[in-house]
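K.L.:
The primary structure of each chain is shown beneath.
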Amino acid sequence: MIQQHWLLPLLIAIPFIGGLLSWLSGWIGKRIPRWIALITMMLTFALAIFLWFRSVPHHQDPLIITKPLWLAEFRFSWIPSLGISYHLALDGISLLMIVLTAFIGILAVTCSWSEIQRNVGFFKLNLLWSLGAVIGVFLAVDLFLFFFFWELMLVPVYFLIALWGHDRAGGKSKENAAMKFFIYTQIAGLILLAGILLLVHAYHVQTGHLSFNYMDLLDTRLSAGAELALMLCFFIGFAVKLPIIPFHGWLPDAHAQAPTAGSVDLAGILIKTAAYGLLRFVLPFFPHASAVAAPYIVSLGTIGIFYAALLAFAQSDMKRLLAYTSISHMGFIVVGMYSGTLVSLQGLMIQMIAHGLTSSALFLISGQIYERYHTRDLNVLGGMWGSLRLLPAFMMFFAAALLGMPGTGDFIGEILILFGTFPLWPWLVSLITFSMVLAGLYALILIQRVLFGSSPRQVVMALNAREILMLLALVVLLLWVGLAPQLFLDTSEPAMRWIEKIYTPTLGAWS
Amino acid sequence: MNGLSLLHLAPILITAGTAVLVMLSLAVRRSSLIAAGVSIIGLNIALIMLIVQGISPSSAGSASDFFEIDSFARFYMALVLLSSLACLTFSYAYFKGFPDHSQEVYLLLLLATVGGLMLPPARNLPTFFMGIELLSVPIYPLLAYARQSTKSLESGFKYLILSASASATLLFGMAVIFAGAGTMDFTALGGIGLNATYMVVGTALIIVAVGFKLSVAPFHQWVADVYQGAPAPIVVFLATAAKVAVFAVVVRLIHSIGIIEHGKLLTVLTSLALASMLIGNLFALRQRNFLRILALSSVAHIGYALTALISDPEAALTTVNFYLANYVLTGIGAFGAISVIASPYKKALKSGDPDHFTGLFWRRPWISIVLTIMFLSFSGFPMTVGFVAKLLVIFDAARLGEWLLLTVLIIGSGLGIYYYLKSVLLMYAVPKHAHFVNMRKYWYREIDGIILILILMFVVFIGIWPQPLISLSAIGHW
Numbered sequence: 001m002i003q004q005h006w007l008l009p010l011l012i013a014i015p016f017i018g019g020l021l022s023w024l025s026g027w028i029g030k031r032i033p034r035w036i037a038l039i040t041m042m043l044t045f046a047l048a049i050f051l052w053f054r055s056v057p058h059h060q061d062p063l064i065i066t067k068p069l070w071l072a073e074f075r076f077s078w079i080p081s082l083g084i085s086y087h088l089a090l091d092g093i094s095l096l097m098i099v100l101t102a103f104i105g106i107l108a109v110t111c112s113w114s115e116i117q118r119n120v121g122f123f124k125l126n127l128l129w130s131l132g133a134v135i136g137v138f139l140a141v142d143l144f145l146f147f148f149f150w151e152l153m154l155v156p157v158y159f160l161i162a163l164w165g166h167d168r169a170g171g172k173s174k175e176n177a178a179m180k181f182f183i184y185t186q187i188a189g190l191i192l193l194a195g196i197l198l199l200v201h202a203y204h205v206q207t208g209h210l211s212f213n214y215m216d217l218l219d220t221r222l223s224a225g226a227e228l229a230l231m232l233c234f235f236i237g238f239a240v241k242l243p244i245i246p247f248h249g250w251l252p253d254a255h256a257q258a259p260t261a262g263s264v265d266l267a268g269i270l271i272k273t274a275a276y277g278l279l280r281f282v283l284p285f286f287p288h289a290s291a292v293a294a295p296y297i298v299s300l301g302t303i304g305i306f307y308a309a310l311l312a313f314a315q316s317d318m319k320r321l322l323a324y325t326s327i328s329h330m331g332f333i334v335v336g337m338y339s340g341t342l343v344s345l346q347g348l349m350i351q352m353i354a355h356g357l358t359s360s361a362l363f364l365i366s367g368q369i370y371e372r373y374h375t376r377d378l379n380v381l382g383g384m385w386g387s388l389r390l391l392p393a394f395m396m397f398f399a400a401a402l403l404g405m406p407g408t409g410d411f412i413g414e415i416l417i418l419f420g421t422f423p424l425w426p427w428l429v430s431l432i433t434f435s436m437v438l439a440g441l442y443a444l445i446l447i448q449r450v451l452f453g454s455s456p457r458q459v460v461m462a463l464n465a466r467e468i469l470m471l472l473a474l475v476v477l478l479l480w481v482g483l484a485p486q487l488f489l490d491t492s493e494p495a496m497r498w499i500e501k502i503y504t505p506t507l508g509a510w511s
Numbered sequence: 512m513n514g515l516s517l518l519h520l521a522p523i524l525i526t527a528g529t530a531v532l533v534m535l536s537l538a539v540r541r542s543s544l545i546a547a548g549v550s551i552i553g554l555n556i557a558l559i560m561l562i563v564q565g566i567s568p569s570s571a572g573s574a575s576d577f578f579e580i581d582s583f584a585r586f587y588m589a590l591v592l593l594s595s596l597a598c599l600t601f602s603y604a605y606f607k608g609f610p611d612h613s614q615e616v617y618l619l620l621l622l623a624t625v626g627g628l629m630l631p632p633a634r635n636l637p638t639f640f641m642g643i644e645l646l647s648v649p650i651y652p653l654l655a656y657a658r659q660s661t662k663s664l665e666s667g668f669k670y671l672i673l674s675a676s677a678s679a680t681l682l683f684g685m686a687v688i689f690a691g692a693g694t695m696d697f698t699a700l701g702g703i704g705l706n707a708t709y710m711v712v713g714t715a716l717i718i719v720a721v722g723f724k725l726s727v728a729p730f731h732q733w734v735a736d737v738y739q740g741a742p743a744p745i746v747v748f749l750a751t752a753a754k755v756a757v758f759a760v761v762v763r764l765i766h767s768i769g770i771i772e773h774g775k776l777l778t779v780l781t782s783l784a785l786a787s788m789l790i791g792n793l794f795a796l797r798q799r800n801f802l803r804i805l806a807l808s809s810v811a812h813i814g815y816a817l818t819a820l821i822s823d824p825e826a827a828l829t830t831v832n833f834y835l836a837n838y839v840l841t842g843i844g845a846f847g848a849i850s851v852i853a854s855p856y857k858k859a860l861k862s863g864d865p866d867h868f869t870g871l872f873w874r875r876p877w878i879s880i881v882l883t884i885m886f887l888s889f890s891g892f893p894m895t896v897g898f899v900a901k902l903l904v905i906f907d908a909a910r911l912g913e914w915l916l917l918t919v920l921i922i923g924s925g926l927g928i929y930y931y932l933k934s935v936l937l938m939y940a941v942p943k944h945a946h947f948v949n950m951r952k953y954w955y956r957e958i959d960g961i962i963l964i965l966i967l968m969f970v971v972f973i974g975i976w977p978q979p980l981i982s983l984s985a986i987g988h989w
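Taken in order, these protein sequences are the chains called A and B.
Its first residue numbered 1, the first sequence is counted upward by one per residue in the numbering used here.
Its first residue numbered 512, the second sequence is counted upward by one per residue in the numbering used here.
Chain A on its own, in the form it takes in the complex (with noise of 0.2 Å):
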């Protein structure tokens, strides 16, 4: 008898429906919309934190761990004829996760206030439908569903990019940006769904039941070659999103050209549901063909660290080289998510935290700037330091937190993958330690250029209340999860610990 806990549908229901009300009193003003929006997700993340402390962690004895316990579930029969149920559930992991949704809700809400001007009941819409449907990504244990809000997030994306972007000077326009974002992630979407299919197939054949719930699907019984191909879909699906080296291609542009809010969003949460899908699916699914895989992976992110921060380092483009720090970043979550120990693995739930923070304080400053210089050209922007009370200072403190500065919650993150990692492979964590230098670089090269240097003409307005309030919360947190992480930690613990069980990576050439 699974305990109907009515907070989970309700997460996901309460961003639709503000979602919908901004919409629809977007014709009454402009103010209406804004502040529906924010009290939804004011809300949501009131509400997460609320099940946050209700939700006593099971303590699992390693050695009997056989299936995850969530922590939270609620289940409704849909459509039996296809073993579909709408099957919600909650653990360390999607519970973090979701408050970081929400709390970046807060932020991508409170940062499009004044720059969005046209359409703003539909701008929210598309924004909060966005918000609902990660939520719905972090709790759905049906596949099925699952696959139904991984759809869903995208497509408000789309319109967020295509509709409030800005188009790039002489190069191509914003809907080329959005389009080549929709076009990458449905393929890879396409790519997911025919893995979720085969495998739903291969338990049917197996158990003569046709089911697409997680618990299920957890036990078939696949060939090696099987399990390899299966393993490949699942990977592709969420690959692309991550992103991984090769299939990062939509997303420098993609950033580049969305609203800040969009950029938030989409640096913030929407790379991270990648991450939380290889956690939850790919691994749990296909332990022996990842581990076969592992140390191709982790090449690849292994590249990815390097590659993207060289190219970072090499952007004019403020929001580019933001985007290609993304991808560096995301390049150490696939190192830690492929090590499987328990360290690395909680190391990278402190990352994809700290990272979601960070990268969301820098895009709101580049946002910021935008709307005041008009520019995010680097070798137009110089000599801030000084003026703009206050920017200056929080986006050296970004910016420290981007290079993984001890204190912030970057540094726990890379330290923890690293520390997890070494035992396994230490060659390969003797490499990346190197890639710390070019984080350095990239975030140096930041601040240099916009906050030295020569001054630009214009005086400019200073940073208002709340803007202010935004990037102190953000730094708050930051220095929370960077000084004291063990309640987050402790949250994720068992989620991990039971991955950690079921993942053993080969160890390949680089131990």
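One or more of the hints may lead you astray.
Selected chain B positions facing chain A (in silico; Cβ < 10 Å) [what the hints assert, rightly or not]:
1. 715
2. 978
3. 985
Distance windows between CB atoms, simulated [claimed, not checked]:
4. B:652 <-> A:226: 34 to 42 Å
5. A:396 <-> B:955: 50 to 58 Å
6. A:206 <-> B:971: 47 to 55 Å
7. A:176 <-> B:914: 34 to 42 Å
8. B:950 <-> A:229: 14 to 22 Å
9. A:437 <-> B:873: 48 to 56 Å
10. A:396 <-> B:914: 53 to 61 Å
11. A:49 <-> B:986: 48 to 56 Å
12. B:701 <-> A:501: 23 to 31 Å
13. A:501 <-> B:972: 39 to 47 Å
14. B:950 <-> A:246: 42 to 50 Å
15. A:501 <-> B:873: 37 to 45 Å
BS3-like mimics (lysine-lysine), calculated; alpha carbons at most 30 Å apart, straight line [what the hints assert, rightly or not]:
16. B:857 <-> B:662
17. B:607 <-> B:857
18. A:30 <-> B:662
19. B:933 <-> A:180
These are computed hints drawn from the structure, not numbers from a lab.
Quick reminder that beta carbons are idealized off the backbone N, C-alpha and C, glycines included.
Could you slot chain B onto chain A? The hints should help.
P.N.:
Showing chain B alone in chain A's frame:
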């Protein structure tokens, strides 16, 4: 035939009677309201009788040598009636501004509906032929009805010539079979099987003819032009009822004669399905006119339905029924939305022109949403009925190990997503220039708008909770 059998035939008789009533009413007084009203009331009565018979337990049973009104027949007769009702409603709104008499539209539609109703219960070749003729012939003048526009005339003419040739081929095939077998009854023909040459030849000719009517590739060349030129509400009927009725009788014929077991003819059927899925989706990629896109995508959808048929050798028919029900619903929605946008009739007949749809969301948001959801349902987006239908077909094909059909289906769907989304996103684009004729603002207060919204709710509702329709489809077999 005894009294009970007449009751079984009631939907057909009522529809025919309504046609006569409309004819009489035209003689008394020419009024679109009266003609449309009588037609709609009559069709509703027929539909209610159909449903009542379907529910009551003592209902199955052949009415005669010509008809077999079982639950399979009732399922498809219901689809035909629904489609016809929708078409009539859309026609009423569309022909309001028509410069000539438009009451004959209702009459012709009713006659075509009678033909369509005759096809699903048909159990021998003459009924098959009568049904197809009665279905097709009234459509010729319907397609050409907007005779002020050359495109409409062209559409009617093209369909006339091709359809007549197809009917001739059909007749020839039937003649060959009769000459060899000496019987026209499906069940008796099933007893003979496909071993004799005359049976194979005759069946092949029948498949060709039916291929034209169903616009299966490679007999699909006419769809794009015909759908583009015709008055928009007529396309609703042509694309949904006409196809589904023919498909129903073909299903019965195929399973009676045993084509699924026959190696060579099964290969033919599979090739037709593959060709339709590929050609339909590939050619739709190059189209810009919305009606042409939908026309070619309907070729692909018949391909998917054929895949469902091939993957179902025991004739459980749940998937086929569900897929065709989904096709009818979404087709009525999509073509109906285009019809609503094009209503009332304007002399510059350019329905489906992409200029009308560019940036439609910013002018008329709700109809854009309707059309978006219909397109998404056609493309198989989750939470719409189209997705569930496709999923069922995929599962059936996988269960049978039809990997080639499955791969082509997935590739076709992938292509489909591209052009459907391109069209959808066109509606949300900010228009660069204003070449459109703006549609009426309060379309949702008029009858065709109301029906359209009803269809939309069905598409979404069944997409979220498809179990009832799946159960209903499971009943529809013999």
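K.L.:
Failing hints, ascending?
P.N.:
Structure breaks hints 1, 4, 6, 8, 12, 15 and 18.
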